[in-house]
Amino acid sequence: MSLAADITTAPSSARVSPHAVRGGLKAGQRRIGVLLLLPAAIAFGLVILYPFLQALALSLFEYTLETPAPRFTGLANFAKIAATPDVWQAFATTAIYVFFTTTGTLILGLAWALILNQPFRGRGLLRSMSLLPWVLPSTVSAFIWGWIFNSRYGVLNALLLELGFIDMPQAWLSTSTGAMIAVIITKIWLSIPLFMAFFLAGLQNMDREQVDAARVDGANNWAILRDHVLPHLRPVLIVVVVLGVIGNLQQFDTIYALTGGGPVRATAVLSVEVYRRAFEQWDIGFASAIGVLWVATLLPPAFLYLRMLVKGA
Amino acid sequence: MFDLSSTVSKVVFGLLLALIGLFLFFPLYWLIISSVKSNAELYSIVPTPFPLAPTLTHFITALTTGKLPMYLVNSLIASGSSAALNTLLALYAGYSFAKYRFTGRQPVMLFMLSAQMFPFGLLLISIYPLMSEVGLLDTRPGLILSYIVFALPVSTYMLYSYFSQVPDELIEAARADGASDLRIFHTIVIPISIPPIVTVFLYSFMWSWNDLLYSMTLIVSDDKRTIGPGLLLTYLNEVNSDWGGAMAASLLASAPIVAAFLFLQRYFIQGVTAGAVK
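Chains as they are written, first to last, in our numbering: chain A, 669 to 981; chain B, 38 to 315.
To be clear, the hints were calculated from the coordinates, so they are not data collected in a lab.
There may be inaccurate statements among the hints.
Pulled a few chain A residues facing chain B out of the computed Cβ check, cut under 10 Å [what the hints assert, rightly or not]:
#1 A711
#2 I892
#3 A934
#4 F947
#5 Q949
Think of the CB as a built atom: it goes at the ideal place given N, C-alpha and C, for glycine as much as any other residue.
Make the full structure from the sequences, and use the hints.
Written out as structure tokens, the structure reads:
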């Protein structure tokens, strides 16, 4: 009897009111979905969200070695930023660093992807090896380039002297411009692989017939690149630029290991500035306030990125 | 894609290949040959393009006299544990986002992803006092937990993208057979998801292995120090710059991650780029 009732009620109720049955099923499903998410959500809240909100809040407090209990001071930290040209300089340094690293990586990463998209012998091996700079520990990248840029025994000076570009060895890492060039080149070098991988993935789903047809119509390589390849890569290009800007805005390890932000403050980008204020001078409130402005610089690319993800999903 | 039959195009292609290739690979070549040069050869004003008398002295010194082996083991423990933890968390979260519908699913997912924009350095400002308060400062669990910051959002998204492609019919069929949701996930979905799971593990392992900032700040005792700050403190500091040792130690520190990467790179690249290229 009960069995027969089950059999007859299930489909009939589904017909009369689909929400009755599906809603009931869904409620259980929903619970499981939330439970599965819970561990990650807790971890996320604990080590990402809570610290983030706390850092935002700390920007309104005086919190230093002398005042170990945070004291609310309103916008005083931001007023202090306005009165501290060193911090403005960190913003300018960051802008220079982000601009040159992103542009440099973009051009070289795209060129390298186009090259590795052509068929030639040894291409597979070259593709695999091209990813190496990206997987090396940041300290190792800094060591490699620190050694190349070394003023006394560095191979770069030797090479430039040999070629006649310079008359005497340059002390790259102890001049403002030299140090900036070194940290930018290091970052470009280690980011090319990632950019290249994105571009290669984009090139692989390109319509070959369209290119072949254009070729039959007499288009040369330059026209193919301009009219077909670049327009096709546009979405990838945007992703890569946005991710590149986000990554470069946050870069700390290679800069710190290579120059420590120096000489003096020449390569002190925001990440280094915040680190120094927080963990060398223990001015946590002030560091947090700089951090809040730092997050503000990240918002535009972050917004673009999220919008792309929403569209993609 | 391009037609390289003309001489001009051949020359341009070859030139670009050589120049960018040189930029990418010369530093790696220089790393390797510098690690096998003797000090006398390293510290000569005109560098030698090939090692005149290759020697393993720097490797032997790094492995036998310094603390490098200890740093490597510490890194292995910290990165391995945090990658395992991160993968486990992302696994369930990614599956939940992909296959369940509940209120707030999309906003929560977007919010977790947007966390990628929270600068790691800013988070550290509050992670430090937090860890200090709960007694996890200068401990391995504290560092392992903090490393979640690096990879959890992206890992969750990578697995979410993969699980979204698992056909619903597969799950529905098992459900019709009476299998519980967890059982379906563990016995049907996970076994067909090994490549992305490995990718996520490797991705988060790489982030922690390569970290300098967090380890340098959260770990004070030398006996728990990981390879990033370990290298920096040992080889290049105010009183000491042992470049030969630095190069040999760099190679040793890179070996595990490079080996893992070379084995799994195909999955790896697919996983990392899949999220963004649609």
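Q949 (chain A) as an interface hint toward chain B, with CB separation required under 10 Å: Violated, because the Cβ-Cβ distance from Q949 (chain A) to chain B comes to roughly 12 Å (cut-off 10 Å).
A934 (chain A) as chain B interface residue, shortest Cβ-Cβ below 10 Å: Cβ of A934 (chain A) sits 18 Å from chain B, so the hint is violated.
Interface hint for A711 (chain A), Cβ within 10 Å of any Cβ on chain B: Since chain B brings a Cβ to about 5 Å from A711 (chain A), closer than 10 Å, the hint holds.
I892 (chain A) as chain B interface residue, shortest Cβ-Cβ below 10 Å: holds (7 Å)
Hinted contact F947 (chain A) with chain B - closest CB pair below 10 Å: holds (6 Å)
The structure fails hints 3, 5 (numbered hints given earlier, in ascending order).
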